[in-house]
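All chains, please: the whole structure from these sequences, using the hints.
There are 2 protein chains.
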Amino acid sequence: MSGTRLEQKERTRRAILDAALALSAESTLVALSLRQVAKEVGIVPTAFYRHFPSLEDLGLALVEESLDTLRALLRELRRSAGDDFRSIIDGSVGVLVAQVRGNHAHFGFIARERFAGPAPVRAAINRGIEIAERELAVDLAHLPGTSEWSEEDLRTLSSLIVGAMVTTAERLITAGPGSPEEKQITDSARTQLRMLVVGAINWRSRP
Amino acid sequence: MSGTRLEQKERTRRAILDAALALSAESTLVALSLRQVAKEVGIVPTAFYRHFPSLEDLGLALVEESLDTLRALLRELRRSAGDDFRSIIDGSVGVLVAQVRGNHAHFGFIARERFAGPAPVRAAINRGIEIAERELAVDLAHLPGTSEWSEEDLRTLSSLIVGAMVTTAERLITAGPGSPEEKQITDSARTQLRMLVVGAINWRSRP
DNA sequence: GATTTGAGTGCACGTCTGTACACCCAAAAC
DNA sequence: GTTTTGGGTGTACAGACGTGCACTCAAATC
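Read top to bottom, the protein sequences are chains A and Y. Going left to right, the first sequence walks through residues -2 to 204 as our numbering numbers them. Going left to right, the second sequence walks through residues -2 to 204 as our numbering numbers them.
Honestly, I wouldn't trust all of these hints.
Residues of chain Y placed beyond 10 Å of chain A at every Cβ, according to the derived structure [to be verified]: (1) A102; (2) E110; (3) P117; (4) G142; (5) E149; (6) D150; (7) R152; (8) E167.
A few chain A positions that, by computed beta-carbon distances, are all more than 12 Å from chain Y [claimed, not checked]: (9) R2; (10) T165; (11) M192.
According to the in silico footprint, chain A covers these stretches of chain Y (three or more CB under 8 Å from chain A) [as the list claims (entries may be wrong)]: (12) 23 to 34; (13) 193 to 199.
Derived from the structure by calculation, the hints contain no laboratory data. Computed from a predicted structure; not experimentally measured. Quick reminder that beta carbons are idealized off the backbone N, C-alpha and C, glycines included.
Structural data, given as structure tokens:
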């Protein structure tokens, strides 16, 4: 069982990434050992070096992959946006739940390593989240009613929304797929976004 | 240098806790070794067992301590609450910044271990945060304008506020004490809370 | 068909880990 | 003054760790 040499190599590389993702889910990236990963994959420890110069590079590859998944979520959110606030909110929560469900290894990785990971990993994740906030702020500026908002207020609202999304994602991960709490979490997320929208609509129209 | 035997024991115990807190700040609790801690404290590895049965028990002691600090923050927030919304918000953000500043080892610990820590540690932290949300919901129910809110809506608003607070605390920790971002973070936190309050005030008064 | 390449092997090493055990000696108890 | 207690020491061991090095042998290249 195999194809060309490059295909085989790519397959082992994937196996390493998957094994690292699975093993780090039971604790953290920093608690990962090269030998553990190698054993899980089914190769000898030193073979690891054929794919990554060090464990740290493995970690960075995992961040990159996880951030790709995060960016895919953002793209999907933007793509599925409806017209009125209610459909935007319901749609967004649905998309969020679906994406977290389908990629909970990646989202779990981000949640765990955001504060506990090695410094470069933490930095990359926070950069990713900040970019998400900035992009959302731009989107928000195109919505009705935000025309005379300050740059700063847009960022603040965006940060609130992203924060609520992140918290919801973390809750979904903690609760586990198909758990009884899931419905309650999505309901709560919907209400949270509605409250935020109500706050936004009335912002600056009252003192 | 020493007093009674119990005093001396307590002093070493504290030294172990402080060393573990300091060392785990550079990575995670799970990446901590008994020998590292012992070396940092200045005792021989096996002496560790005179104070804790295992590293896991050390971890649990640290969680307990950190959650105490969190509870102190909540108490202080409630104690300092003013009359009108503006003073409540400004006061709360001030208290939050001061407490995080004065105990960033504990708050940093909570942020890191909330998702990356060992299962019992994660559970304890999430329980602590949930209790904070519930208590805040009770406080909110006593505020003017929330008389006919449902239990569920109160919890949702409470969860939004706590979420914003947690995010702010995490930002303060990441930014570091006395950093230039600090002012921006506190300003942003104030605006966030104001937006949340505006949302709350207008909740259910519009459809 | 002969040669080169490179993913995976196997062994060896020095270092770090948790922890068992016998020990010391000053404070506490008698 | 004698005995007991208990925090801290020192040695020792087995296991896991990262990594260097010489190796195999099938796929790729010529």
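Status of each hint after checking the structure:
no.	hint	in the structure
1	A102	holds, 14 Å
2	E110	violated, 7 Å
3	P117	holds, 13 Å
4	G142	holds, 13 Å
5	E149	violated, 7 Å
6	D150	violated, 7 Å
7	R152	violated, 8 Å
8	E167	violated, 7 Å
9	R2	holds, 37 Å
10	T165	violated, 9 Å
11	M192	violated, 4 Å
12	23 to 34	holds (count 4)
13	193 to 199	holds (count 7)
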